[in-house]
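Colleague: Listed below are the residues making up each chain.
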Amino acid sequence: MNIQTTTPKSKVDAEVLIVGTGFSGLGLAVILEREGARDYLMLERGHDVGGTWRDNHYPGAGCDVFSHLYSYSFRPNPHWSSTYSKQPEILKYLQETAKDEGITPKVRFNTTVTSAEWIEAEDLWQVETTTGTYRARALVSATGHLSDLAMPDIEGLNSFTGKMMHSSQWDHDYDYTGKRVGIIGTGASSIQITPEVAPDVAHLTVFQRTAPYIVPRRDAPYSAAQKGMFERFPEMLQDFRKDLFWGNESRFPQRLQIPAFLAQIEEMSRGHLEDQVTDPDLREKLTPPYSVGCKRILISNDFYPAIQRENVTLETTGIARIDETGVVLTDGTHVDLDMLILATGFEATELPIAEVIHGKVGRLSDQWEDGGQAFACTSVHGYPNFFMMLGPNTGLGAGSMIYMVETQIEYIRGALEYLADSGKVIEPDAEAQAAYVKSIHDRAERTVWIAGGCQSWYLHPRSGKLTAIWPDYMSQFRKENGTFATKGYMVRDATVSA
Amino acid sequence: MAFTSDVVEGEITHDGLTIRTYDSAPHKRGEDTIVLLHGTSGSAQSTYWALFPMLADGRRVVAFDFVDTDGATADSYADQARAVIAALCDGPVHLTGCSFGAVIAAHLAGTTPEIVKSLTLIAGWIKTDIHQQLRYDVWFKLHEEKSAAMPGFMVMTAFSHAFLTMRLPGEVDALVAKIGDGSDRYAKMVFNRSVDITDAVAKITSPTLIIGCTQDQMVPITHSKLLFGAIENARFAEVPSGHAVAHERPSHLLMLIRDFIDEPERDAPGTVHAPIHA
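Sequence order for the protein chains is G and Z. Each residue of the first sequence is one higher than the one before, starting from 6 at the first, in my numbering. Each residue of the second sequence is one higher than the one before, starting from 5 at the first, in my numbering.
Hint data in this document are derived by calculation from the structure and do not stem from the laboratory. There's no promise every hint is true.
Computed footprint of chain G on chain Z, listed as stretches where at least three residues anywhere in the stretch have a Cβ under 8 Å from a Cβ of chain G [as the list claims (entries may be wrong)]:
#1 47–57
#2 160–173
#3 255–263
The calculated label-pair distances, taken between Cβ atoms and stated as ranges, are [claimed, not checked]:
#4 Z:Q137 to G:E201: 51 to 61 Å
#5 G:P93 to Z:D177: 30 to 40 Å
#6 G:L154 to Z:G62: 36 to 46 Å
#7 Z:G14 to G:E450: 22 to 32 Å
In this text, a Cβ means the ideal position worked out from N, Cα and C, and glycines have one as well.
Pulled out of the complex, with its shape left as it was, chain G reads as follows (with noise of 0.2 Å):
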């Protein structure tokens, strides 16, 4: 039965509307698009899919996951180059999956949404788009953790008169060759891209304000018999994808702040920073002034040495403001800049697409004032027949999102098809969400983010709640979070029936 069949009134373009084709959204498709007994369309703002995978292509982008995890178990990647994956290969992996499982003809490209409306009296979402009007019994959010940039807020930054560009916007056409190049951050793409550009340019100023954890990036391309045997013994593939899953899943104790744990990954941090850097006064520089694991550990074997360049400079005095030729530091100095490259993230805690959600209580990003919260992570009271991935609590300090992802796959996959089935409309019961977030946020106050003292991405703004990050081991997030089941949801009747 679908339920889009019925009166003219409550006519629907699809079943289900997906915002987004990244990692997320393109894995619920292929789920969907396999099971064959949804309706479904997308809705895509880029002109291809890939998601964070097609806009990150800075000089040195890649993934900080093995790639044998960072990849869909339901289509592993026997021929994966090396343990870690670039961008190109991720990005191209996204795009066979959309064409050989039959997911482009489903996608709206070049389409974004500027406002999805859930309408009462008809029991649909209806979405305004850049190329018109859907809709469909059931919305389903997948525009990720990273996708909208973070501007850093710095006095006189658009009065920089070189050329200047987020790492998420990267100009290939700009030639940073010989150019004098600052760039803003220390973070996953900074240090990515710092050893990337740093042997090209005439100087380069890296600014920092707080040195990250580093440990060595364990590379090595997989060779030809290893690919091979993934090929000809899938089962050793997942076999090998569940020693690297439980590997990272026995770190998240670090976060619990254990000692012997901690010890581990300060010790491994530290000998790095020792075995790369022997300058005193740079490892100081280097060292960082908090808990390992409040803010993400970085890996990578390039960063420490090209710091060391003769031609890099770490700068730790802060930035006061930003002139027409380059930064004044608040020391008063000024450093002359061609081109400035801001590596600072992504809005993180307060997601974008809240912005454009309105349910039977208004805008998601109002009802989120104090930071997203959502029942299993999935859905939220007053918003029926919504689910959105990888939302409130859904990040991992030690961890691949795709197990996230893959969770929330089965789980809207259930609930929709509890919808056809059914013909019902649901939505979590306001205090079944608010005793879900409660036990969230209990289990936060043990964890580094929260005991740990810093401030990072993960925790909200205003409300200082630790909102980016799932608090707690992976595989307790798919044994919480991972089977759909209508307890905790009010179900109704729909009003027009199918």
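Please arrange chain Z on chain G, whose structure you already have, making use of the hints.
Modeller: Here is chain Z on its own, set in the frame of chain G:
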């Protein structure tokens, strides 16, 4: 290194022996308690450095260091566990043993079921077989000769191929350097050579979880399957790991144990858990 920032260490005396104890939360004494029996390697710390604090995140955990005595038997070791339970716990406990500790835990559960609320046996065995005898023969020979090959032999037999090949060479060297010359486990190796707890195992009635390790070269998984065959009220799960599972996959053990202890009788006797998908 302390298991947790607030673990309470103590001592009890039993039969003239002083037994060192570790309690994650003495103030939770009236609540369900997990009691951990360590393996051949000599201390609660060496077996449970990872699992103790992981389990203690949510539950009260008690562990202790077995004391070796001349002519020790399964029952004399089990007596030490009984003494610790009597001293630190009210009511029956969730008893978890690994390797040698699983042998003692099984013996204890079969002989004093009233103090066992649930039983988890990790990489345990009922009766030492000829394959184990061969390894013990090599081990004792290396020990007698004070052989420099001992640490490498122990690392090679304790850890799985998958685990070792995912480490950097320096990390494997560090494992070899850290494992010692084996003298700290001599007394338990003597005991291990002639284990036979067939009679006690036949009497186990507590809800039991058997965890076997697929790549275990020291106590091959067949032994766990035999335990599963012998204990009527048992469930079975396997972990892709070597014998040193508590080092290789502590989080996997955590998930299995937590889930089991939450509701020991939830899965019917005879249930074989499906592998966990990642």
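Colleague: Of all the hints numbered above, which does this structure not satisfy? Sort the numbers upward.
Modeller: Violated hints: none at all, because every hint is consistent with the structure.
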